[in-house]
Amino acid sequence: MMAPFYKFGLFSEEMSLVVAFVTGIGFGFFLERAGFGNARMLAAQFYFRDLRVLKVMFTAIITAMVGLFMLSRLGYVDLSLVYLTPTFLVPQIVGGLILGVGFIIGGYCPGTSCVSAATGRLDGMVYLAGMIGGLVGFAELYPLIEKFTKITALGKVTLPQFTGIPYGVLVFAVVLMALCAFMAAEWAEQKFGGKAPGKGALLEPVLKLTPVRGFALALLGLSFIAAFAGSPYRGHAASIDTRELALSAGTKADHVSCTELADWLIEGRNDFLLVDVRDAKDFAEYHIPGAMNVPLATLSADFAARNEKVVFYSDGGIHSAQAWLLLKALGFKSSYMLFGGLEEWKDTVLFPKTPAANAPTKEQVDFARRAAVAKHFGGTPMEAMPAAAVSTPSAQPKPVPALTPVPAPVVPAPAPANAPAAAPKKRKEGC
Amino acid sequence: MSDPNPHTLAEKPHMNPYWAGLGLGLVLLGSFVVMGRGLGASGAFTTAVATAVHTVAPAHAEGNAFYAEYLGDGSVSPLKDWLVFEVLGLFLGGFLSGALANRLKFTIEKGPRIGNPLRLLMAAFGGALMGIGAKLALGCTSGQALTGGSTLNLGSWAFMCCVFGGAYALAWFVRRAWL
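Protein sequence lines correspond, in order, to chains A and B.
If you use the working numbering, the first sequence closes out at 494, no skipped numbers anywhere.
If you use the working numbering, the second sequence closes out at 299, no skipped numbers anywhere.
Because the hints were derived from the structure by calculation, they are not lab data.
Since the structure is predicted, the reported quantities are computational estimates derived from the model, not experimental observations.
Please note: incorrect hints may appear among the correct ones.
Covered stretches of chain B (in silico footprint by chain A; criterion: 3 or more residues with CB under 8 Å from a CB of chain A, positions within the stretch not fixed) [claimed, not checked]:
(1) 140 to 152
(2) 167 to 179
(3) 224 to 235
(4) 251 to 262
(5) 268 to 279
(6) 284 to 297
Just a few of them, taken from the derived set where beta-carbon distance is under 8 Å, the chain B residues facing chain A [to be verified]:
(7) 135
(8) 206
(9) 211
(10) 246
Just so it is clear, CB atoms sit at the ideal spot from N, CA and C, and this is done for glycine as well.
Let's have the full structure, built from the sequences with the hints guiding it.
Next comes the structure, spelled out in structure tokens:
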């Protein structure tokens, strides 16, 4: 299983919008079930009369947290690919306070106001209109406050990273804290709201394992296991499915040919990383435009995200094959080798051979195209060689383009962005 | 909440909060596993606002760094967005659940000691504050508290404490609206 499914390209962006719609239906359904379409019921949280907000929110948080930890620890989900909103501590503290004040005055938060409006509540609809006004106001004031919104930027950081406490231990602590808070909430509801813990409460006055208690114990038990389970991130440990590996090697499904690569680069495709695994010195002398340098000895699991498509090359084929194997073992699903390596790149892309004058037209036309490609990459077509010379290709000079700049009067295509490594421009992913 | 009305079916009681939380948690977990992201709400409205402003005043929207971030590079409609579709589902899900429990009703939720105009004014004002707060905090209760809470995101936990802190601190002053 490769999850998150979308991040491994298991379905299209169009399909993801269907997923979004279905997810939203589930989200709205349970918010309404919980009573969150009703502002008075939400506000009761802040007078200790009915602490549903706390119970629903934290049950959802610990359910998803324990589930995500376990699925990641078992290797089903790559936790590093689950989106984290970057932390801007001070703006988030100030924003949280404003949001809390807005919550108690308006009676809703954005999600619950949608449910409220959808079930006919006029206050929910007016709240949404107010929120839109607030968003416009924020946007218009943005040039003035932009600096403030960017202060105390800590990047994507989790509590385990920040505190140094192991992830699983924190999972256990949060579950324990939540369950204690639930019981305290039930006690407070009795004291301030006159509502005795009834059926379905943790403190229901019966001496038996009710379903709700069973659920709470299950979460506690799983999180207790989590506390001793180690890191949920995959790290450097490797595992290989040898049959799958043999299949992809045997069918050459792991190959990218030089002409294919040349086409991708000219098209300006940026959905893959081109990685040169040779030494920094060789890389500095010549590399394929847009390549990044990751010498084989430094290759590790964290050089790229596991859902990244990676094409390796080296001089010949050995080092890129070793890099390919390493990444396959580390769980990268889309890892490829440049077939023939740089040697083949020079022969077929940079310095294609001019066909003999009496060659068929098709070959001539094909050569014209290849010559254009060669010029694009700073190479030059080779003159047709006498038969004797062709048999000894090692005698041919193979100038490195960087050293012998070729005057290229015709550029075959508009120069592409020379950086396939750059991420495609994406819009915000967070809330 | 409602006067007994012989012409409408009785509202069904709300779900046990722990089971509703479990349901919500599983939806959230499903989103993590399938999409690699959590839930959200306010972001969809920001996208809608940015798109609307861009339609009315394109130059103004493109010149504003905040709007620009939500408009993307212009190759696809900004509304073709995950959160926008999720929030459309959110409306439908809420409606379905409300319909199944006989809770669909044109009404205003408020305490008995406040009039409708003041309640609506408070709703609008609270909504506006929420819009500002959510953008400052890079998310609302859905995107930050629920999603960030369950991924142990540092900023989300700081945010969550402040939401409860802010609401509790002001609750006494606005008690007439709710109690």
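Hints, one by one, checked against the model:
no.: 1; hint: 140 to 152; verdict: holds (count 13)
no.: 2; hint: 167 to 179; verdict: holds (count 4)
no.: 3; hint: 224 to 235; verdict: holds (count 8)
no.: 4; hint: 251 to 262; verdict: holds (count 12)
no.: 5; hint: 268 to 279; verdict: holds (count 12)
no.: 6; hint: 284 to 297; verdict: holds (count 11)
no.: 7; hint: 135; verdict: 4 Å, holds
no.: 8; hint: 206; verdict: 4 Å, holds
no.: 9; hint: 211; verdict: 4 Å, holds
no.: 10; hint: 246; verdict: 2 Å, holds
Checked against the numbered hints given earlier, this structure breaks none of them.
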